[in-house]
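Given only the sequences and the hints, what does the whole structure look like? Please build it.
Residue numbers (our numbering), protein chains in the order written: chain A, 1 to 345; chain B, 346 to 690; chain C, 691 to 1035; chain D, 1036 to 1380.
Where hints are given, some of them may not hold.
[Said to hold, decoys possible] Far from chain B, by Cβ distances over 10 Å, these chain A residues were calculated: (1) E141; (2) R289; (3) A334.
[Unchecked claim] Capping the alpha-carbon separation at 30 Å, the derived lysine-lysine pairs in DSSO-like fashion look like this: (4) K924/C to K1133/D; (5) K1132/D to K34/A; (6) K1133/D to K301/A; (7) K1112/D to K77/A; (8) K1243/D to K1342/D; (9) K282/A to K442/B; (10) K77/A to K924/C; (11) K627/B to K165/A; (12) K270/A to K579/B; (13) K1112/D to K553/B; (14) K1200/D to K443/B; (15) K442/B to K270/A; (16) K1081/D to K972/C.
Since the hints were made in silico from the structure, they are not lab data.
The beta-carbon is built from N, C-alpha and C at its ideal position, and this holds for glycine as well.
There are 4 protein chains.
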Amino acid sequence: MKALVYHGAGKMSWEDKPKPSIQFATDAIVKISKTTICGTDLHIMKGDVPEVTDGRIIGHEGVGVIEEVGSAVSSFKKGDHVIISCITSCGKCGYCKKGMYSHCENGGWILGHLIDGTQAEYVRIPYADNSLFPIPAGADEEALVMLSDILPTGFECGVLNGQVKPGDTVAIVGAGPIGIATLLTAQFYTPAQIIMIDVDENRLNVTKTFGATSTINSQQSNVVEAVLSLTDGKGVDVAIEAVGIPATFELCEQIVTAGGHIANIGVHGKSVSLHLEDLWSKNITITTRLVDTVTTPMLFKTVQSGKLQPTHLITHHFKLDQIVEAYNVFANAAKEKALKVILTN
Amino acid sequence: MKALVYHGAGKMSWEDKPKPSIQFATDAIVKISKTTICGTDLHIMKGDVPEVTDGRIIGHEGVGVIEEVGSAVSSFKKGDHVIISCITSCGKCGYCKKGMYSHCENGGWILGHLIDGTQAEYVRIPYADNSLFPIPAGADEEALVMLSDILPTGFECGVLNGQVKPGDTVAIVGAGPIGIATLLTAQFYTPAQIIMIDVDENRLNVTKTFGATSTINSQQSNVVEAVLSLTDGKGVDVAIEAVGIPATFELCEQIVTAGGHIANIGVHGKSVSLHLEDLWSKNITITTRLVDTVTTPMLFKTVQSGKLQPTHLITHHFKLDQIVEAYNVFANAAKEKALKVILTN
Amino acid sequence: MKALVYHGAGKMSWEDKPKPSIQFATDAIVKISKTTICGTDLHIMKGDVPEVTDGRIIGHEGVGVIEEVGSAVSSFKKGDHVIISCITSCGKCGYCKKGMYSHCENGGWILGHLIDGTQAEYVRIPYADNSLFPIPAGADEEALVMLSDILPTGFECGVLNGQVKPGDTVAIVGAGPIGIATLLTAQFYTPAQIIMIDVDENRLNVTKTFGATSTINSQQSNVVEAVLSLTDGKGVDVAIEAVGIPATFELCEQIVTAGGHIANIGVHGKSVSLHLEDLWSKNITITTRLVDTVTTPMLFKTVQSGKLQPTHLITHHFKLDQIVEAYNVFANAAKEKALKVILTN
Amino acid sequence: MKALVYHGAGKMSWEDKPKPSIQFATDAIVKISKTTICGTDLHIMKGDVPEVTDGRIIGHEGVGVIEEVGSAVSSFKKGDHVIISCITSCGKCGYCKKGMYSHCENGGWILGHLIDGTQAEYVRIPYADNSLFPIPAGADEEALVMLSDILPTGFECGVLNGQVKPGDTVAIVGAGPIGIATLLTAQFYTPAQIIMIDVDENRLNVTKTFGATSTINSQQSNVVEAVLSLTDGKGVDVAIEAVGIPATFELCEQIVTAGGHIANIGVHGKSVSLHLEDLWSKNITITTRLVDTVTTPMLFKTVQSGKLQPTHLITHHFKLDQIVEAYNVFANAAKEKALKVILTN
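So, in structure tokens, the structure goes:
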């Protein structure tokens, strides 16, 4: 089969690889129908994720059709259409029993990381019963690609951890795909205000059509002043970090109100300054989280009922064998006005 | 009347001051029976709290007897015995209605800070109906002094915010009075292990008799290794910071397990390094809080039922007019083996 | 002044009464701008509420303008526009401190019940600082009448107690004003399905325009079968009782799924059969609640932000002195297609 | 092998049965070391549980040693010592993913009910990875038999569902084994009072040594008056029903305070009267639950740390082949002063 293979920092190729086969009784082999590219894949391609070694097939998102199942798989059979979760869950370790699949002792984030991933014609999915979700006939499969990672990530790490409530004021720092996934799912809880903060005017304009009540361009305004002005001088109830650098996290520390929440989504490469000299008495809560994908069944229901429109996130389409070109577009997201790309096999 | 008065950094005196009188219809005047000294009072005396100005009567803890009430006070009358809360609550602002009295728009921590306090023969208590708690006949009033500040602080900022649960492993960094108040109230939730960490061997030994299951002297051991060794290599479910310096907060970052909680109690004077490069994916929660004293009625019930023994915290007794000597003892707590001192009027 | 006065079962009149005056320092006198009639007022008029005695002015909802405040009132002054809460809260008893204002030891539901109410030109409001909410300039005051009682009732007793979550299936039994208030506020949490059940086809049709995803006419269908058919045979996650008779409560017992919630809003006059022989092993939760109005500030924010449209509930308008006629319309709600009426002073 | 076999109402025998064998790759065969008898087994023997058919081996509790595992079992191997959960969990259905194992689509309560159980020399355990818990070397295995059912039942259905909190007043109606399991685990949350209510003076006396603060003999006292007298006229915060008949459930309705919880544990055979005419406005919560055994790992930690002493529950010991005699003792629990019996293979 063909697959996108990582060959060290800056080197990838669409090349022949052996088709995967069942290795354990709990495995399934899935023929990919549609996949996409994650910001994390760009980090991998730059060489920032040293666990990914030469020869690894990249990708941890997608939908497909079951090709074959191991003898212990009971929930799926050949021909079933499925969503692939970015997180592999064994269903039996202590973390899985607590709903913290991200830290599964036998899985977690392994696809396109520690084992071969989804940017390929076929992929092997360990613990298939717990790591795949069924797609009923007639569903919009392209929309459901967004349930592999980006929507549960925005929802769990941003919205749930931030404890967004009706009437709240929310700021989301970063209007890239993950910030927009957060924006879409924050509206499940009917906050009064959602303020989007970014440097890219195009992305900010897009967010206005997706439910943002205000936008702040951090290159053109003093963000702290602008947020205070929008919130009667109080700051926001929930500040969500969706970038992953010290400046944006520390901005969240400055704009959160007493009693508020800072929910970190960003993947950080270095430490940040936590200003406890100001925050020790402000009754705030700060959370971090690697997505658990524990809310995927719930998100699926909101998509099926029309309450959530994941296709808002999709800007570009390619054939799977055009994936190298797709990476180029996605790597220049601001210039290309790209959010998520769909690659169809 | 006589009172302990602050006269600038390093200067205090026990001197004559006018007896306070009712200023608002919601005030009460309380004759102090017993009061104590807080670590915060030491900071004030060093000049570290610039809002406290020359001439201020210090102190925010104590029990006493109502001397006079304003016309709008309905829950108390002359002669009633009361606990004075360190936090003044108006009962009607948005923060009070949310149970976040620490940020009361008309109160908060003002006693011995922005208005005259309790280290005196009499004190004026604003919003008496919401800021005092009744003491029934026959109660141990000395024990109840510990409900003014230290027990709700350890319980709310440490135990409740840390979400201590049955079976948990808990580490408390700092075995001073506040760390011990946390130790006592953490046992309300029956954790499997409570590990106390400090530099003072005497204090660590004391904690063993109060429920600590292990102690670590951070001057004699590698604390991170010791904690991992006590927890099957996992780290603790809850790490509680009860010191207020960067080193102890950053220790909490190192010993907390995936999915765990860091609850800050300490008053910090500078920022700390938050190692998001490690923590972003560890699903942790960090909290800060100024005590709200919202749990005082509940803590009172646990004292009355004998489940909580606040007298464990009391090591020294003085007459109120010996307060300068008491400050000297409390300022040399390690040498004097002091936790909380009681001053009796 | 003029007021609507109860004179025993079936007898009311619009007549002269003395204008109320300040009785306690915490009182305010409010000139009514707009008021409305509650289903509970109909019960009172039938003589079903024996605590209401001859001579009582009825009514517990409304907006108005402060005419005078007692000396201890600090949050309001003459001329301020206010929402009157149906629940009077002293702000200082144990129940108020827990946010359970409905059981306030000095208040609770007393307006138009134990003391004179709001269907009058003026009303005295005890504990004004805690029982009134400010209306900013430019707000739609007619809409805000719905915040006195019906919206917090539907939201707190139905939606919050029912723990409605994104993706849930919800059934609301009763499509009267309170059922519709529940329907409007349930959407704060983005359930996948909201099934309205009633006997009145007109009301069911109205609910479709307000967010119901399905309706069931219980006179035309087997409701249990219809609900199971709409929910893949499982029943609903949340069943909300908004009628107050045994048949509707027992219907909720039949349609709730394992692990689900039954939230009672209805005022019941007799006991119901709780089928523990079926339910003991179904992991369900049943709640009752008298509205606490603790969410009024939050509901106000959702109205101000346009997320909640209370005017959906308003079908009829009268002048205040037409109130007897308004009662006739409201008492024949089905025939008159009436939900809430507005009476303007 | 030998096993206790049900042969219709009132008929059981200790007889030869084929030794069970692996039927599915996820099965394990466990050699029973110790088992016990549950109140539910008595119901089965009376013929009250029609799903149990002639020839069924009874029993759903026990500890043992792994004899053989299926090819898909990864957490256990031959020779491992294990606790058998009374609830079988597949780990992959929607209910299991929500932690509601009691309603597992492929398991739930099946042992000694729908499939052969543990009152035998060997038992087949489906979904072994999710339905067994490891016992480390040196643990008190007899104590751990109490983790199969009775302790998680008392804790989950009574204590957790009742939301017992520090300082609460709790009443437990029924001082049999399940009531005592509730009493032991309620103390995890340090309530101020635990009132035990029963008809058996011996059992009430036993509970005093296990942490009850008061006892009420319902044959000798007016229970409602006695509870009100013990709670300043308020009633209890949490009323836990551990009997399973209408009278005891309706007693809970009478003694629960406003804002309180009624947690049902009892297995009910008929409906009860729910007095909504009194309760509709009392802000109460009623829960039902079949034990999920989701807290077994946590309970295990409290046993290992010495915080929970399950051996308090054990009154009698027999050899496994004396089981018919043991049933006789257990069926006459009051006369025999029996709580739980241990049967050793």
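Starting from the hint list further up, note which numbers the structure goes against and sort them upward. Result: hints 2, 13 and 15 break, sorted rising.
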